[in-house]
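What the sequence shown shows, in the working numbering, is residues 1 to 148, in sequence order.
Calculated from the structure, these hints are not laboratory results.
Heads up, some of the hints might be wrong.
List of simulated lysine-lysine pairs, DSSO-like, C-alpha gap at most 27 angstroms [stated by the list, open to error]:
| # | residue 1 | residue 2 |
| --- | --- | --- |
| 1 | Lys-134 | Lys-93 |
| 2 | Lys-134 | Lys-120 |
| 3 | Lys-57 | Lys-93 |
| 4 | Lys-134 | Lys-57 |
| 5 | Lys-93 | Lys-54 |
| 6 | Lys-54 | Lys-134 |
| 7 | Lys-120 | Lys-93 |
All values reported here derive from a predicted model rather than from experimental measurement.
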Amino acid sequence: MIDLKKFAQAAMLALLTASFVIPTGAEAANSQQTSNTVVPSTTTQVANFSNLGKSNKTSSSGYFNVNTEGYVTVNVSQTHNSDTAYVLYAIVKDRPDGTTTSYGSANLDGNGSFSFTSSKPLPVGEYYIRYNSKRTGRTSGTISVTTP
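Please model the complete structure; the sequences and the hints are all you need to start from.
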């Protein structure tokens, strides 16, 4: 019985000592709290074009990947050699049956820098930009895409 009494006293002393050492606001190392982590967006250049004219066929940019579902912003810089640039851009995904799905488009009329956002969130997958000039003459520019 004496050993049990000494054990109880030692346990009580340990608990009291710990209560003075551990700060009041301390939390467990493995907290069950969750956080909303924001994934940084990524901007990738997907096309650099020159001498694009009305008589050219529709062109396609390089592919870009959407790794997190969300809206995509297309950033365009375009200049026409003798007039105002006028180019149609579309965010496109190829489907397994050979058709395509468009996730938004813009007719951008003017020389300079422009941007447009997809009409709906893009699911995870591979996409590209389809573009063609609506103006006679030559248009040059770049296309980059900002993904979530």
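Structure-based check of each hint:
Between Lys-134 and Lys-93, the direct Cα distance comes to roughly 22 angstroms. Compliance with the 27 angstroms bound is thereby established for this hinted pair. This hinted pair checks out: Lys-134 and Lys-120 have alpha carbons roughly 25 angstroms apart, not beyond 27 angstroms. About 19 angstroms separates the Cα atoms of Lys-57 and Lys-93, which keeps this hinted pair within 27 angstroms; it holds. Simply put, Lys-134 and Lys-57 have alpha-carbon atoms about 11 angstroms apart, close enough for the 27 angstroms limit, and the pair holds.
Proximity of Lys-93 to Lys-54 is assessed by CA-CA distance (about 24 angstroms); at most 27 angstroms being required, the pair is judged to hold. About 5 angstroms separates the Cα atoms of Lys-54 and Lys-134, which keeps this hinted pair within 27 angstroms; it holds. For the hint pairing Lys-120 with Lys-93, the CA-to-CA distance comes to about 13 angstroms; that is within 27 angstroms, so the pair holds.
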